[in-house]
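Engineer: Going line by line, the protein sequences match chains A and B. Under the numbering used here, the first residue of the first sequence carries the number 2, and numbering increases by one thereafter. Under the numbering used here, the first residue of the second sequence carries the number 2, and numbering increases by one thereafter.
Treat each hint with caution, since some may be false.
Just so you know, same-sequence chains aren't split out, so a pair can sit in one copy or run between any two.
To be verified - DSS-like, lysine-lysine: derived pairs with alpha carbons at most 27 Å apart: (1) K117 - K163; (2) K300 - K35; (3) K132 - K193; (4) K186 - K100; (5) K73 - K102; (6) K121 - K300; (7) K301 - K270; (8) K270 - K250; (9) K300 - K269; (10) K270 - K300; (11) K6 - K269; (12) K247 - K290; (13) K121 - K35; (14) K300 - K132; (15) K290 - K270; (16) K290 - K59; (17) K301 - K35; (18) K35 - K186; (19) K189 - K8; (20) K121 - K132; (21) K247 - K186; (22) K269 - K301; (23) K6 - K290; (24) K84 - K163.
In case anyone wonders, no lab produced these hints; they're calculated from the structure.
The lines below spell out each chain.
There are 2 protein chains.
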Amino acid sequence: MFREKIKILDCTIRDGGLINNHQFDRRFVREIYKGVSLAGVDYMEMGYRNSKELFSSKDFGAWKFCDDEEIKRVIDGIESNTKIAVMTDVGRVDMDAVKPKSDSPIDMIRTAAYVKDTDKAIAMTNIFAEKGYETTINIMAISRDQGPELEEALHQIEEECKVDVVYIVDSFGALYQESTERLVKLFKNILKSKEVGFHGHNNQQLAFGNTIEAIIHDANYLDGTIYGIGRAAGNCPLELLIGFLKNPKFDIRPILDLISREMIPLGKKIEWGYIIPYAIAGMFNEHPKAAMALRNSDKKENYREFYESLLNTALD
Amino acid sequence: MFREKIKILDCTIRDGGLINNHQFDRRFVREIYKGVSLAGVDYMEMGYRNSKELFSSKDFGAWKFCDDEEIKRVIDGIESNTKIAVMTDVGRVDMDAVKPKSDSPIDMIRTAAYVKDTDKAIAMTNIFAEKGYETTINIMAISRDQGPELEEALHQIEEECKVDVVYIVDSFGALYQESTERLVKLFKNILKSKEVGFHGHNNQQLAFGNTIEAIIHDANYLDGTIYGIGRAAGNCPLELLIGFLKNPKFDIRPILDLISREMIPLGKKIEWGYIIPYAIAGMFNEHPKAAMALRNSDKKENYREFYESLLNTALD
Numbered sequence: 002m003f004r005e006k007i008k009i010l011d012c013t014i015r016d017g018g019l020i021n022n023h024q025f026d027r028r029f030v031r032e033i034y035k036g037v038s039l040a041g042v043d044y045m046e047m048g049y050r051n052s053k054e055l056f057s058s059k060d061f062g063a064w065k066f067c068d069d070e071e072i073k074r075v076i077d078g079i080e081s082n083t084k085i086a087v088m089t090d091v092g093r094v095d096m097d098a099v100k101p102k103s104d105s106p107i108d109m110i111r112t113a114a115y116v117k118d119t120d121k122a123i124a125m126t127n128i129f130a131e132k133g134y135e136t137t138i139n140i141m142a143i144s145r146d147q148g149p150e151l152e153e154a155l156h157q158i159e160e161e162c163k164v165d166v167v168y169i170v171d172s173f174g175a176l177y178q179e180s181t182e183r184l185v186k187l188f189k190n191i192l193k194s195k196e197v198g199f200h201g202h203n204n205q206q207l208a209f210g211n212t213i214e215a216i217i218h219d220a221n222y223l224d225g226t227i228y229g230i231g232r233a234a235g236n237c238p239l240e241l242l243i244g245f246l247k248n249p250k251f252d253i254r255p256i257l258d259l260i261s262r263e264m265i266p267l268g269k270k271i272e273w274g275y276i277i278p279y280a281i282a283g284m285f286n287e288h289p290k291a292a293m294a295l296r297n298s299d300k301k302e303n304y305r306e307f308y309e310s311l312l313n314t315a316l317d
Numbered sequence: 002m003f004r005e006k007i008k009i010l011d012c013t014i015r016d017g018g019l020i021n022n023h024q025f026d027r028r029f030v031r032e033i034y035k036g037v038s039l040a041g042v043d044y045m046e047m048g049y050r051n052s053k054e055l056f057s058s059k060d061f062g063a064w065k066f067c068d069d070e071e072i073k074r075v076i077d078g079i080e081s082n083t084k085i086a087v088m089t090d091v092g093r094v095d096m097d098a099v100k101p102k103s104d105s106p107i108d109m110i111r112t113a114a115y116v117k118d119t120d121k122a123i124a125m126t127n128i129f130a131e132k133g134y135e136t137t138i139n140i141m142a143i144s145r146d147q148g149p150e151l152e153e154a155l156h157q158i159e160e161e162c163k164v165d166v167v168y169i170v171d172s173f174g175a176l177y178q179e180s181t182e183r184l185v186k187l188f189k190n191i192l193k194s195k196e197v198g199f200h201g202h203n204n205q206q207l208a209f210g211n212t213i214e215a216i217i218h219d220a221n222y223l224d225g226t227i228y229g230i231g232r233a234a235g236n237c238p239l240e241l242l243i244g245f246l247k248n249p250k251f252d253i254r255p256i257l258d259l260i261s262r263e264m265i266p267l268g269k270k271i272e273w274g275y276i277i278p279y280a281i282a283g284m285f286n287e288h289p290k291a292a293m294a295l296r297n298s299d300k301k302e303n304y305r306e307f308y309e310s311l312l313n314t315a316l317d
């Protein structure tokens with residue numbers, strides 16, 4: 002019944018960190034790591050590996066930087082088969098600070114890149130691969146970039162890059178099933194030697210549905226977060242994904258415990274999920290930043306005005 | 002770009018009424034009617050047409066009964082092209098109290114029935130059709146009843162019933178895209194002279210995704226509710242459906258206004274939406290009543306215990 006090749010990656014701390022400047026404390030991150038380990042999740046992404054030359058640790062928590070030493074403290078003493086991933090952005094990582102895999106607790110480095118940054122992403126990824134890491138390239142904002150440049154980028158990755166997995170990232174929560182199907186088929190068709198991954202955003206309550214659509218068309222790397230936490234509308238809820246998948250190695254119960262104990266209280270302090278301005282941004286295929294600003298203003302429930310503002314931006 | 006035949010039906014008051022014993026006041030129902038009329042919604046379902054011999058109007062609000070006179074008061078003076086629907090349950094309606102269409106503000110009568118009640122639903126529906134109403138049969142709990150009895154029921158409806166539309170009702174929020182696709186194709190294949198409808202529940206955040214799937218496979222009647230209100234996990238959010246459909250007659254803005262002004266405050270008084278025990282009930286293909294009881298208890302966030310209880314029920 003189940004497809005052995007399917008791997009799930011929890012990015013609770015990484016994508017959730019975009020809500021709170023990566024300020025999760027060590028206890029919280031250890032609890033998440035314990036829970037996803039018990040649940041049989043294949044990978045857990047801890048955060049970004051950003052250069053401390055570019056961002057101040059006064060402004061951001063530990064998971065903006067993901068030092069090897071901090072990761073070691075988090076995983077210390079916890080029995081686990083869950084691999085550790087971190088994300089890098091093109092142009093924000095100190096490549097020299099990335100040790101060989103044999104000296105690091107990190108297993109996988111994922112490089113987030115727009116289509117236009119494909120050359121840089123390939124160069125970085127090849128270095129990470131040479132250092133011994135599993136690698137992915139996560140092509141962001143793909144709903145804006147579905148034309149010939151994307152195809153060219155995929156051909157280039159297939160031919161020049163040692164990457165293991167290439168992700169479709171629906172940054173704007175703008176994909177529907179038909180667009181997801183088309184993209185997965187395009188990726189599978191060009192990337193003959195790579196696996197395909199899918200990372201959804203839940204603006205229109207389609208992150209889980211689109212992830213199922215990606216599974217149907219043979220994407221094998223699937224991102225989720227506990228209770229759907231993540232910037233703005235959040236992500237595909239990991240608990241739904243585990244409930245859907247048939248591989249007996251997965252156990253939903255530790256994730257349910259984390260939602261009861263950690264995510265319900267956290268949801269009272271920071272906001273994510275199905276919120277109308279994020280849905281509107283998804284419909285318009287727009288970055289959520291305008292909607293995020295609205296939610297921090299005294300007009301947070303002025304949906305019509307927000308809709309009109311995006312409509313006017315699109316028309317002007 | 003758009004499919005002319007697609008009709009959308011708002012069941013905010015009907016399915017939402019299952020949360021509060023149909024106690025919406027007249028002002029609220031008038032506001033919803035104004036909004037859906039401005040939005041170009043094809044039908045608005047007001048509630049159930051239940052016999053007052055069977056239920057007391059002390060225990061239930063007006064929308065448990067949907068008297069013609071109360072409907073007239075609600076729609077009085079509001080310009081609208083939106084048709085009025087009510088729902089009947091097999092065995093709960095006083096057939097003699099249903100006047101001919103020409104004497105009633107109601108346009109459509111929808112009969113909710115389990116597969117086993119198909120004979121009764123056909124008999125009732127034929128009477129409603131003879132009285133001049135548009136009619137639907139809504140086959141409930143279909144995720145539990147996908148075998149030969151369903152096929153037999155569909156053949157019987159096709160041959161014996163004057164009904165206009167037959168709905169797939171995912172009462173338990175247990176369908177995924179592949180099961181939705183299979184059901185819509187089955188319905189379309191047998192019901193050559195009828196339209197097919199889809200009514201989703203949002204236990205697993207798939208009500209909208211499954212509605213899109215139903216559209217892809219040619220279902221033309223689609224239910225939604227404003228901000229997804231409805232029993233337990235609620236329904237397909239009407240605003241997402243309108244955002245997705247291309248027919249220029251639809252305008253999302255009046256629905257956004259209703260969410261800002263009516264649904265956000267209402268959501269602080271009554272509960273619906275993505276709540277883990279409802280998601281678990283959907284995964285187990287179970288009626289949400291056990292989860293609703295849990296939400297009214299002091300164990301409302303004890304998800305693991307609830308999961309174990311459904312697991313044990315299934316195994317024992």
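Engineer: None of the hints should be skipped; say for each whether it holds.
Structural biologist: How the hints compare with the structure:
1. K117 - K163: Result: close within a single copy only, 19 Å intra versus 58 Å inter.
2. K300 - K35: Answer is between; shortest inter-copy Cα gap is 24 Å, intra-copy 40 Å.
3. K132 - K193: So K132 and K193 pass the 27 Å test inside one copy only (24 Å; across, 62 Å).
4. K186 - K100: neither (36 Å within a copy, 55 Å between copies)
5. K73 - K102: within (14 Å within a copy, 73 Å between copies)
6. K121 - K300: Close neither inside one copy (40 Å) nor across copies (52 Å); limit 27 Å.
7. K301 - K270: both (16 Å within a copy, 20 Å between copies)
8. K270 - K250: Classified as neither; 33 Å inside a copy, 40 Å across copies.
9. K300 - K269: both (20 Å within a copy, 18 Å between copies)
10. K270 - K300: For K270 and K300, the Cα distance is within 27 Å both inside one copy (19 Å) and across copies (22 Å).
11. K6 - K269: neither (37 Å within a copy, 43 Å between copies)
12. K247 - K290: between (37 Å within a copy, 26 Å between copies)
13. K121 - K35: The answer is neither: 35 Å in one copy and 54 Å across copies each exceed 27 Å.
14. K300 - K132: Neither way: K300 and K132 sit 49 Å apart in one copy and 50 Å across, limit 27 Å.
15. K290 - K270: within (20 Å within a copy, 30 Å between copies)
16. K290 - K59: within (23 Å within a copy, 49 Å between copies)
17. K301 - K35: Answer is between; shortest inter-copy Cα gap is 24 Å, intra-copy 36 Å.
18. K35 - K186: Result: close neither inside a copy nor across copies, 35 Å intra and 44 Å inter.
19. K189 - K8: Within. Shortest intra-copy distance 16 Å satisfies the 27 Å Cα cut-off; inter-copy 36 Å does not.
20. K121 - K132: within (17 Å within a copy, 70 Å between copies)
21. K247 - K186: both (23 Å within a copy, 25 Å between copies)
22. K269 - K301: For K269 and K301, both the intra-copy (17 Å) and inter-copy (16 Å) Cα distances are at most 27 Å.
23. K6 - K290: neither (35 Å within a copy, 37 Å between copies)
24. K84 - K163: Within one copy, since 19 Å is at most 27 Å while 60 Å is not.
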